[in-house]
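Undergrad: Protein sequence lines correspond, in order, to chains A and B. Heads up, the first sequence is in the working numbering, so the first residue is 1 and it goes up one at a time. Heads up, the second sequence is in the working numbering, so the first residue is 1 and it goes up one at a time.
If you are wondering where the hints come from, they were derived from the structure by calculation, not from laboratory data. Worth double-checking, as some hints may not be accurate.
Unchecked claim - With a straight-line cut-off of 27 Å between C-alpha atoms, the simulated BS3-like cross-links for lysine-lysine are:
no.	chain 1	residue 1	chain 2	residue 2
1	B	LYS12	A	LYS35
2	B	LYS12	A	LYS143
3	A	LYS143	A	LYS171
4	A	LYS215	A	LYS131
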Amino acid sequence: MTVAIIQFGGSNCDQDVLHVLQDVVGLDARLVWYKEEDLSDFEGVVIPGGFSYGDYLRAGAIAARTPIMESVKTLVTEGKPVLGICNGFQVLTESGLLAGALTTNMYPKFRCQPTCLRVESTGTPFTSRFKKGEVVRIPIAHKEGNFYATEDTLAQLEHDDLVVFRYADAKGHVTDAVNPNGSQENIAGIASTSRNVLGMMPHPERASEDILGSKDGLKIFESMADHITGSV
Amino acid sequence: MRYEADVIIELKSGMLDPEGTTIKRALEHLGYTPESVKTAKNYTITLDSDNIHTARENVEQMCQKLIANPIIHNYTITLREI
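With these hints in hand, go ahead and build the complete structure from the sequences.
TA: Printed below as a string of structure tokens:
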């Protein structure tokens, strides 16, 4: 029942995710250096935030093509949960495990700030503890978080209930004014068609304890733990 | 044979180019009136290959597998023998 937290050169939120999973949620987790190619002992994966490979070429592009990602794909086909946070989301889109692409913020600046998200879908292993339409506070920290997909892909995401989080105001209204990066349809997080892969730009590990100002992000890890331990 | 490929990666038309827009605004502050500014990345790749066709095929694959993201990019390849 151990979750792998994959470390690439330049990952920097790995220890935070480890702390939340182990010390707050109470789930076994282990940091896994990207050169370890066998993930068969793990029940789930988190690809943490950071700047893998210095964001060279495109954010997430190089990490997405490392051999360990083939092992991640195998876990995905086995139905195990895979969560990509920030740079991890970028890695998942670049690897083809999630649709669309994360491009430069509309106002091309690194934005590090609290955001409110409306929970759009509870039908994933990461959001089962939420209520649909609930507003949660989870911060962002990125420069390439502007979600882009073709019109057909967007329509498919909406139709299949794969948009999981949208940037919203505190009351849950989805408006341009609260869109921090220009993402289409205010999309902050999406799931795969198989529903067991979630990518999100906001950092739930930075909102998982009261001392951090919000523990709304904790439910994502708790939902994942429920799924892994079979308690839901 | 040795070849040098110039690969230009551009955003597909209609896509936001925030960097280009910022540069355009800065040019306007300097008194210029460009109609548009678009950014692109240029990669120069040197490779050995049997002939120019296999070299092109090789560079095409590099673009499709890594250098470009087909969801957001177009690319052009200019190849010459060196």
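Undergrad: Decide, hint by hint, whether the structure agrees.
TA: So, going through the hints one by one against the coordinates:
no.	hint	result
1	B:LYS12 <-> A:LYS35	violated, 34 Å
2	B:LYS12 <-> A:LYS143	holds, 20 Å
3	A:LYS143 <-> A:LYS171	holds, 26 Å
4	A:LYS215 <-> A:LYS131	holds, 15 Å
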